[in-house]
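Chains as they are written, first to last, in numbering that gives the first Met the number 0: chain A, 0 to 244; chain B, 0 to 90.
Just so you know, these hints were derived from the structure itself, not from any lab. There could be a bad hint or two in this list.
To spell it out: a stretch of chain A is covered by chain B in this simulated footprint if at least three of its residues, at any positions, have a beta carbon under 8 Å from a beta carbon of chain B; those stretches are [claimed, not checked]: (1) 117–129; (2) 137–149.
One side of the interface only, derived from the structure: several residues of chain A facing chain B at Cβ under 8 Å [what the hints assert, rightly or not]: (3) Asp103; (4) Phe105; (5) Lys108; (6) Gln133; (7) Pro152; (8) Ile165; (9) Leu202; (10) Ile204; (11) Leu208; (12) Arg216; (13) Phe217; (14) Ala218.
Distance windows between CB atoms, simulated [stated by the list, open to error]: (15) B:Glu76 x A:Asp40: 48 to 58 Å; (16) B:Ala48 x A:Thr232: 27 to 37 Å; (17) A:Ser209 x B:Gln36: 15 to 25 Å; (18) A:Gly27 x B:Asn69: 38 to 48 Å; (19) B:Arg60 x A:Arg230: 25 to 35 Å; (20) B:Gln36 x A:Arg93: 43 to 53 Å; (21) B:Pro38 x A:Gly210: 23 to 33 Å; (22) B:Asp47 x A:Ile70: 47 to 57 Å; (23) A:Ser42 x B:Asn69: 38 to 48 Å.
Backbone N, C-alpha and C fix where the C-beta goes; we use that ideal spot for every residue, glycine too.
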Amino acid sequence: MIRSRVRALVVGAGGLGSPAARALARAGVGTIAVADDDVVDLSNLHRQVLHRAADAGRAKVDSAIEALRRIAPTVEAVAIRERLCADNALRLVRGVDVVLDGSDNFATKFLVNDACVLAGVPFVHAGAVRWGGQLLAVAPGAPCYRCLFEELPPPAAGVSCREAGIVGPVVGVVGALQAEAALALLDGTASGTASGNDALSTLLIYDGLSGSFRRVRFARNPGCRVCGDARITALDASNYRESAC
Amino acid sequence: MPTVRIPTSLRKLTQGREEVTAAGATVRDLLTDLEKQHPGLRTRICDDAGALRRFVNVFVRDEDVRFLQNLDTPVKEGDEVSIVPAIAGGR
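Based on the provided sequences and hints, a complete structural model is requested.
Given below as structure tokens:
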């Protein structure tokens with residue numbers, strides 16, 4: 000696919016979304032839409048590299064698209080000042096070529112998976128807490144995130160990034176890898192990533208403390224509620240309730 | 000004994016150790032032994048009924064135990080067992 004014609008949606012203009020969007024812009028991706036409803040805080044700056052101290056208090060999407068235009072003046076950077084939810088997810092993911100999930104909470108991560116699978120849009124999941132990160136690229140038809148993780152953790156079971164902390168360079172690494180995986184998906188050259196014809200998908204696990212990567216492969220789960228035998232056909236908001244980090 | 004790889008999010012329970020060893024002939028046995036050595040770890044992986052939580056997976060030799068024999072999947076000396084929970088941060 001010609002990069003200048005690619006339309007990408009980055010969910011979240013934070014620790015993952017910033018390096019991912021920046022890498023896409025530098026790679027020549029034509030349209031980058033950024034969705035976020037938050038504002039820049041000084042405490043974000045150690046990891047959210049699209050924003051500067053002078054942006055404190057501004058909408059993250061405004062700061063992000065300005066930064067992307069500075070990096071790549073020809074990029075069409077689109078600000079979507081919305082939080083992804085069950086009501087808008089399908090509308091936002093339809094019509095783009097790839098989605099990069101840089102959100103900070105389980106509800107949105109599962110929602111991105113479900114919406115992209117329903118819409119048949121390739122996407123790259125990423126998550127990072129403390130020194131660890133995960134990455135999963137999913138092409139239409141491949142085993143999805145919910146094949147691996149079937150349900151959202153209850154709020155008490157998960158470790159929020161506020162409680163656990165996020166190491167800036169870790170999200171920098173994972174966000175850059177997320178962009179790389181997105182480009183590989185678009186080029187159809189993803190290594191170790193499932194295509195629609197593959198029986199297995201690969202979760203990449205990054206450990207920043209040891210500087211090591213591991214991969215685990217998983218098959219389609221016939222009981223997956225999104226791509227399994229009894230799959231959903233619409234998004235129900237009651238399935239995506241969780242407080243954000 | 001099999002080696003168990005602990006995710007960064009659970010290392011507070013293993014005194015920061017990335018790898019630990021545990022005894023047992025099945026994944027269930029390993030989790031029981033892990034709980035003795037590192038109290039609290041099993042409840043992060045299994046629910047009150049003893050089943051794997053649906054947001055945590057266990058891999059034996061990089062194979063997903065849900066597609067093997069689940070908690071009854073046999074393990075042997077030298078096997079590497081990985082605990083892989085969903086993680087959410089990134090903003």
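So, going through the hints one by one against the coordinates:
no. : hint                           : result
1   : 117–129                        : holds (count 5)
2   : 137–149                        : holds (count 3)
3   : Asp103                         : 3 Å, holds
4   : Phe105                         : 5 Å, holds
5   : Lys108                         : 6 Å, holds
6   : Gln133                         : 6 Å, holds
7   : Pro152                         : 4 Å, holds
8   : Ile165                         : 5 Å, holds
9   : Leu202                         : 7 Å, holds
10  : Ile204                         : 7 Å, holds
11  : Leu208                         : 7 Å, holds
12  : Arg216                         : 7 Å, holds
13  : Phe217                         : 5 Å, holds
14  : Ala218                         : 6 Å, holds
15  : B:Glu76 x A:Asp40: 48 to 58 Å  : 51 Å, holds
16  : B:Ala48 x A:Thr232: 27 to 37 Å : 30 Å, holds
17  : A:Ser209 x B:Gln36: 15 to 25 Å : 21 Å, holds
18  : A:Gly27 x B:Asn69: 38 to 48 Å  : 46 Å, holds
19  : B:Arg60 x A:Arg230: 25 to 35 Å : 30 Å, holds
20  : B:Gln36 x A:Arg93: 43 to 53 Å  : 50 Å, holds
21  : B:Pro38 x A:Gly210: 23 to 33 Å : 30 Å, holds
22  : B:Asp47 x A:Ile70: 47 to 57 Å  : 50 Å, holds
23  : A:Ser42 x B:Asn69: 38 to 48 Å  : 42 Å, holds
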